[in-house]
Every structure is written in structure tokens, then in C-alpha cells.
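Here the structure of chain A is known, so what remains is to put chain B in place on it, guided by the hints.
For the protein sequence lines, the chains are A and B, in the order given.
If you're matching positions, the first sequence starts at 4 in my numbering and goes up one per residue.
If you're matching positions, the second sequence starts at 52 in my numbering and goes up one per residue.
I should point out that these hints are in silico values taken from the structure, not numbers from a laboratory.
One or more hints might be untrue.
[Claimed, not checked] Pairs of lysine to aspartate or glutamate residues, derived as DMTMM-like cross-links and limited to a Cα-Cα distance of at most 25 Å, are as follows:
| # | chain 1 | residue 1 | chain 2 | residue 2 |
| --- | --- | --- | --- | --- |
| 1 | A | K103 | B | E136 |
| 2 | B | K95 | A | D27 |
| 3 | B | K129 | A | E45 |
| 4 | B | K134 | B | E154 |
[Unchecked claim] Sample of chain B residues with no beta-carbon within 12 Å of chain A, all distances over it, derived:
| # | residue |
| --- | --- |
| 5 | E65 |
| 6 | S69 |
| 7 | A71 |
| 8 | S78 |
| 9 | D107 |
| 10 | R115 |
| 11 | F116 |
| 12 | K122 |
| 13 | T127 |
| 14 | K129 |
| 15 | Q131 |
| 16 | E136 |
| 17 | L142 |
| 18 | G160 |
| 19 | V165 |
[What the hints assert, rightly or not] Here are a few chain A residues that sit away from chain B, every Cβ distance over 10 Å (derived from the structure):
| # | residue |
| --- | --- |
| 20 | V16 |
| 21 | G19 |
| 22 | T48 |
| 23 | N60 |
| 24 | S88 |
All residues carry an ideal CB built from backbone N, CA and C; glycine is no exception.
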Amino acid sequence: DQQVKQNSPSLSVQEGRISILNCDYTNSMFDYFLWYKKYPAEGPTFLISISSIKDKNEDGRFTVFLNKSAKHLSLHIVPSQPGDSAVYFCAASAIQGAQKLVFGQGTRLTINP
Amino acid sequence: EAGVAQSPRYKIIEKRQSVAFWCNPISGHATLYWYQQILGQGPKLLIQFQNNGVVDDSQLPKDRFSAERLKGVDSTLKIQPAKLEDSAVYLCASSYTLGGVNEQFFGPGTRLTVL
Chain A
4 DQQVKQNSPS LSVQEGRISI LNCDYTNSMF DYFLWYKKYP AEGPTFLISI
54 SSIKDKNEDG RFTVFLNKSA KHLSLHIVPS QPGDSAVYFC AASAIQGAQK
104 LVFGQGTRLT INP
Chain B
52 EAGVAQSPRY KIIEKRQSVA FWCNPISGHA TLYWYQQILG QGPKLLIQFQ
102 NNGVVDDSQL PKDRFSAERL KGVDSTLKIQ PAKLEDSAVY LCASSYTLGG
152 VNEQFFGPGT RLTVL
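Next up, chain B with everything else stripped away, as it sits in the complex:
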């Protein structure tokens, strides 16, 4: 079974530029998550989708971050404009269902460096 795919793996941009990350979850997984992991910290949930609807985006900085999950499969996370403090690893995860607690499967992440 293929795992969660993410691209690109690494990205370096200058502040005020825009960047987008892509995620393809495990086939059949209805729930998709985007996490931000700053160096030395644990992953922090940014947004959670159930199919193509948003379940939780309470910690998403909506003035600069946006995310979508078209057709309930792939997802993109965008930052516009980027700030220095956005430097982090952006992790995508998926799980089978929303109800109950299911193991979340993580992708390898995209390491973003903002100069």
C-alpha cells in the first residue's frame, strides 16, 4: 500500500514570496491533516479535512495560509506571503475515518526555509 505522498521535499524562498505544498493521502482515507512542525517542537495541527470539507482550521493563520482539498483526495497548502517564522517542516497525514480515534499516517514532510 502506498503511503502519504508530499512534494516538494525541500523549498527555500525569500520572505514575502509565495509557496505551495502538495499532499496525496493514502487511497480511501477520508480525513486529511496538515501539521506545522517548528524545529524542537512537536507537530501542530493547522487544518483538518473530512473528504473535501474543513473540520478544524482554528490554528490556521488565515491571513496568509490557505488550504484546499478538491474532490476529497489531494490537498494543497499555500502560504502567501511567507514570513521568517514560517520556516518549519509541513507534514501531511491521513486517516481512515473521522469517528473514533484512528491512527494517522504521516507523509515525509516538506522542509520550508524562509530567508
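The following block holds chain A by itself, in its conformation from the complex:
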């Protein structure tokens, strides 16, 4: 049972344009969502997060949007840069109790010059 889904295995975007990565979840108990970025041969690194009490969180070029009714979140990167080329994982957690993260399958983002 895949509780967090990233339906696009890959995405290719031109440098300077906007990258939009999508994530859907099924468990209504999730109330905290995170995006991680992963380069080859490295562990995932935290990028940005959002609590379910918000619908938007922005950090520099990165913005995460949450639509609770649709159980959908998205990560916007603008403008996209070559260094943004990586695999992006969406993760979800329930704040109450242990901090168990449930990850999506990941989306490989390629930024083309």
C-alpha cells in the first residue's frame, strides 16, 4: 500500500524555467510533509517542509504548496538551475507519536542548459 505517491519518475526542465514536482498521499493522518533532495552516492538532504495548518511555505527559490482536500502537494523551483538536477523525494509524517517518515518513490529532475 503506497501511502505517498510521486507519479512522475522523471522530469526535464530548461534552465531558468519553473520546475513543478508533484506528490499525492492517501493517509489522512499525515499532517507534516517534507521534500528531500538526493544526489548520486549521497544520502537525502532536507529541502523544505510544510505543516498541514498551512497551504504554502516558501524558502528562496523553493515553494511547497499543500492542498489538503485533494491530498496533494507540490514543490515549485523557480528559476531552475543546473545544480537542481537530482532526485526529489516527498515524505509525510504524523506529528503525534514517533517521527516515522513515509517516502514517495522519487522524481528525477534534470535541468537542461
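This is chain B only, laid out in the frame that chain A set:
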């Protein structure tokens, strides 16, 4: 600040052999996690420690996998005997506290290949 350390980085074994992975979390981080990441999938939590106690091991295949965190610092994850489907990257992560939601810091992982 030093990050999460893991060793070895790569390991190749034959099925039915045993293997062990080591993790040293960020200093002061009470919570330690072991994840399994199979190619093409996201990380899946195997076990979570708070200090040296187990918080969640519901997805750990206990017939072959074991983990310990002696003295609440370093941790080892063992597989005995290994199966072909255990081929994956094993990621260790740590975070400051259990309460609330804190960013988890990941190590570089150990890539295991079972032949």
C-alpha cells in the same frame, strides 16, 4: 559539524552470507533511523531508536535482520542470512528529538549487492 557517518560504503556478498553495517549519528542526536532503499523506490523505515531503545521496528524482517544501538550512540544493522532481495542501499539517519517533527539528517548509505 560532522554529519552522519556510515561504513562500509559498498558491500558485495553472496546469498546466505552475513553482513553488518555501522552508523555513527550526529553528536547529540537522540533518535536514530535505519532505512532500506531499493532501486527505483523511496527509503523505507526499518527501525527507529530513541537513545538505545527501539521505538518502531514494525517493518524490520526480524527473522533475518537485527539492529542494536549500544550506549545510545553508534548503531549496527545486521543481515543473516542475506537474500537476493536484500540488495539495496541502507541509509542511516538521525534527528535531535523524538517529540514533534524534526529534520532527519541522512548518511551517505551503504550499497549492498547480494549475488
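Right, here's what the structure says about each hint:
1. A:K103 - B:E136: Since the Cα atoms of K103 (chain A) and E136 (chain B) sit roughly 23 Å apart, the hinted pair holds (cutoff 25 Å).
2. B:K95 - A:D27: Between K95 (chain B) and D27 (chain A) the Cα gap is close to 17 Å, so the pair holds against 25 Å.
3. B:K129 - A:E45: Given pair K129 (chain B), E45 (chain A) holds - Cα atoms ~21 Å apart, limit 25 Å.
4. B:K134 - B:E154: Outside the cut-off at roughly 32 Å; violated.
5. E65: Non-interface label on E65 (chain B) holds, nearest chain A Cβ at 24 Å vs cutoff 12 Å.
6. S69: Since the minimum Cβ distance to chain A is about 24 Å, S69 (chain B) lies beyond 12 Å and the statement holds.
7. A71: Non-interface label on A71 (chain B) holds, nearest chain A Cβ at 19 Å vs cutoff 12 Å.
8. S78: 17 Å, holds
9. D107: 5 Å, violated
10. R115: Nearest chain A Cβ is 22 Å from R115 (chain B), so the label holds.
11. F116: Correct as stated: the minimum Cβ-Cβ distance to chain A is 17 Å, above 12 Å.
12. K122: 21 Å, holds
13. T127: 18 Å, holds
14. K129: Holds, since 20 Å exceeds 12 Å.
15. Q131: 25 Å, holds
16. E136: 17 Å, holds
17. L142: 6 Å, violated
18. G160: 6 Å, violated
19. V165: 19 Å, holds
20. V16: 21 Å, holds
21. G19: 29 Å, holds
22. T48: Contrary to the label, T48 (chain A) does not stay out of reach of chain B, its closest Cβ about 7 Å off (not over 10 Å).
23. N60: Its Cβ never comes within 10 Å of chain B, the nearest being 13 Å, so this holds.
24. S88: Correct as stated: the minimum Cβ-Cβ distance to chain B is 18 Å, above 10 Å.
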